[in-house]
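Student: These are the residues of each chain, in order.
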Amino acid sequence: MRDEIRRRAARIAWPILVTVLMLVGWEIAVRVLGIRSIILPPPSEVLAVMVERHDLLLAHLWPSLYLTVLGFALSVIGGILVAVLITYSSIVRAGFYPVIVVSQVVPKISIAPLFIVWFGTGTLSSLLLAFLIAFFPMTINAAMGFEAVDEDIHRMARTFMGSPWQIFWKIRMPNALPYIFGGMKISITLAIIGVIVSEFVASQEGIGYLIKLAGGLLDTPLMIAAIAVLSIAGLALYMVIASAESFAVYWQPPAEVVAAGGG
Amino acid sequence: MRIASLQKSYGALEAIREVSFAVGEGEFVSVLGPSGCGKSTLLMMIAGVIAPTAGEIRVKDAKVTGPRRDVGVVFQSPVLLPWRTVLQNVLFPVELMRLPRAQYTGRAMELLRMAKIDEFAAALPRQLSGGMRQRVAICRALVHNPDILLMDEPFSALDAITRDEMGVELLRIWQANRKTVIFVTHSIREAAFLSDRVLVMARRPGTIIDDVAIDLPRPRQIAMTEDETFNHHVRHLRNAIEASHAG
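Residue numbers (our numbering), protein chains in the order written: chain A, 1 to 263; chain B, 1 to 247.
Quick caveat, the hints were computed from the structure, so don't treat them as lab data. It is possible that part of the hints are untrue.
To be verified - Covered, in the sense of this in silico footprint (three residues per stretch, anywhere, with C-beta under 8 angstroms from a C-beta of chain B), are these stretches of chain A:
| # | segment |
| --- | --- |
| 1 | 145–158 |
| 2 | 162–173 |
What the hints assert, rightly or not - Quick partial rundown of chain B residues pointing at chain A, CB under 10 angstroms, derived from the structure:
| # | residue |
| --- | --- |
| 3 | 77 |
| 4 | 124 |
| 5 | 144 |
A virtual CB, placed ideally from N, CA and C, is assigned to each residue, including glycine.
Just chain B, same shape as in the assembly (with noise of 0.2 angstroms):
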């Protein structure tokens, strides 16, 4: 996946200037940032919803014009819709994009099993934890099999325990799946944690002002975090996003 001198305004309002980076094929990739600086609005690009005033984005060689079927998002808030089933939420893409149903709840299944929460697949939303339905997005995110998966701050709503939980779990999923991940968040450690590589972007314009590779290895344990590595990284990151601010 590539992106060339994306930009973005909005009337007078400049959302996001001068943005390119390439992401490999599997590759973890994290979009780091302090609130308003326009990540969100990068990640909607990338998902074909919100249109760039200039540049372009490319994936495997084919500019992105609208939504497309590789692709599969995570939101802030889990967005389910309180009248399906757990299972029938996870199925709600398939449904979207006219897939054989029956071909993919095989699928829904043993993703929900993967997250742990197989046994709630006839549950309604309402009669989970926040926890458990950011997983059963996460699920539905991954139903359609895309090569590219987004997150947007997919666990900023949820207490710092589950939080962490939720990283390693994220980690475990997407190690047997083997996604290319862009995932955005304003939390030094949870980016360092789970990415290969971090993009700091800075606001007022978003632009991408470090891209930093963590060589941590793989599986990562929470353990790592206590690491010097792990905080050589940390600080690095939290050095790029002062930086910004002072200038």
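This is chain A alone, in the form it adopts within the complex (with noise of 0.2 angstroms):
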């Protein structure tokens, strides 16, 4: 027990000090070697700037955040509901996946002005490109653990009178979960990314638009803060899911939970 303790203690702790460490050494070598704030500014001051500002930070924020958890639940809603016709429709298996597969060789980021064209320079084209971006492997994830039931388990299913709708709820999609959580862990990032390159091409808000925003001005120490909430945004969702994912699928020991696909 006391083992067990230690050894969570240890998985938490060394991380933070690797980063600490990194962090003081950044410090010393831009005190030490006089490179000036325009170019590199020192964490210190980085800090500084996230507390000195942090009502600009956050009013960016929210609208950066807001899309990104909109266009990732729009994708896991999607991602469930397209992975259910692969597995039931062989039309859709055999006709509309390999093109969505296929499909993934177009860098969807490059799209991002092409939204801008059809849906304007608004919310809904960042909306629907982190949709977009995050929609794939949340599809391949689900439709792979919908799939990945077991011949026999499947079999034992029917000899006890199992209709289809039966062996769907209670079988392929808790089989599906840990897949779906794989998945979800995956598309929380390209959520983000999808939000953050639309607001770099075209927007007047968001974390995106401040970061390209103190880019022009040369406010360098402005745009590593946008940089840092942005990415404690984003351990923070993923923390969430991480957590969900402990909870929903209790079955499962943590260092056997699969991920797989990408975009």
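Since each chain comes alone in its own frame, lean on the hints to assemble the complex.
Tutor: The following block contains the structure:
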């Protein structure tokens, strides 16, 4: 028991220690080498900006976060629905699935300007890009999870008179949960990328806009502060999903949790 | 239960040819044969999951056309659902058949007690040993009180010692419930030890070549496997199988 606690503490403590060491190294390097703040500000200055201008940072963080979560949620729902179609419809599996897979060679970020043309510079473009980019790993993972049911389990359910509806809800769905969470962990980071890129291209608000704006003003400390805020928010979203996963997929030890696919 | 001229082909491949036999109520019958002789296919046809190419299966004079409520199946591997507790796994057929769950919970616990795993009712399958998981699978097959228990090499994945124990346990549970059992196995000793009757199957095409009554007294004990009567039966079964290979 005590060993378990110690191991868990070590798992958290080591990465934190490494991070702190890197920040300290950065701070020292900047000061010793006399690097100008406009090129690379020390972490202490970035932190000061984060504290001083937190109103500005948060004002731009919320719209980005909101669109990320919304785009992600849509990709989860859409991905699962399409995965169900892939599982149950031979037409979709034979016709659409290969097209979905092959369409992944198009770097979705390159579509961002096209979306601006179609949907304007507003939030709709950001939302759709986040959705599009997060959708694929969600679909692939969910489809894999639905398919990965052991043939013996299927047969067992049929000998006990299980209907296709029961087999879906009582077997395929729980079986797919670890895969779905694996997909969600990939999708959430991709949704962030989608929103930020879209804000780079054309937007009047959001963290992506702020990063570009600070770059234009040569305000490097603000730029790095915005990146830091974005990273912290991304990490928080990821951790929310990871803890939901360990709660929902209670029957699997954490080390075995599956993840596959990617954007 | 009566099986008449049963046949199953997959394209040109003839898996089962002209299998006919009858099983009395409460009888323990083993189907013994080498792997690939179609004995699992035969069992799945009795379960109503696979349709025969020709011939028919009748249970209490009703023709089998699909999965039925009066059948319980135990597979080679336990096939438990990892997200369900032991008790929830045992109650799974009750749920699928939409039977009143509350009524069957008591019975499920009673079966777990009989199988000596009631203290693990709230545990997840991964916390159990292989033998314990297969006990759960047996309880699951019996929970809805079927008349017929179909077992497809249920102990073949277990080690020899656990296997002997499970055989004795199974007979104890069978004696208390008196189901008709059809037990598929490739172990001659297991078939002889457990059964009232052993049907010997040959392969390619799968067909029954011998029907041997085992007249050992019940309840059976491991010690009986030392007896001359037991060994006589084992020799007889082995000769039957070898004769089929020669021919």
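Student: Hints first: check each against the structure and report whether it holds.
Tutor: For each hint, the structure was consulted:
1. 145–158: Holds: 7 residues of the segment 145–158 of chain A have a Cβ under 8 angstroms from chain B.
2. 162–173: Holds: 5 residues of the segment 162–173 of chain A have a Cβ under 8 angstroms from chain B.
3. 77: 6 angstroms, holds
4. 124: 5 angstroms, holds
5. 144: Cβ of residue 144 (chain B) sits 8 angstroms from chain A, so the hint holds.
The structure agrees with every numbered hint stated previously.
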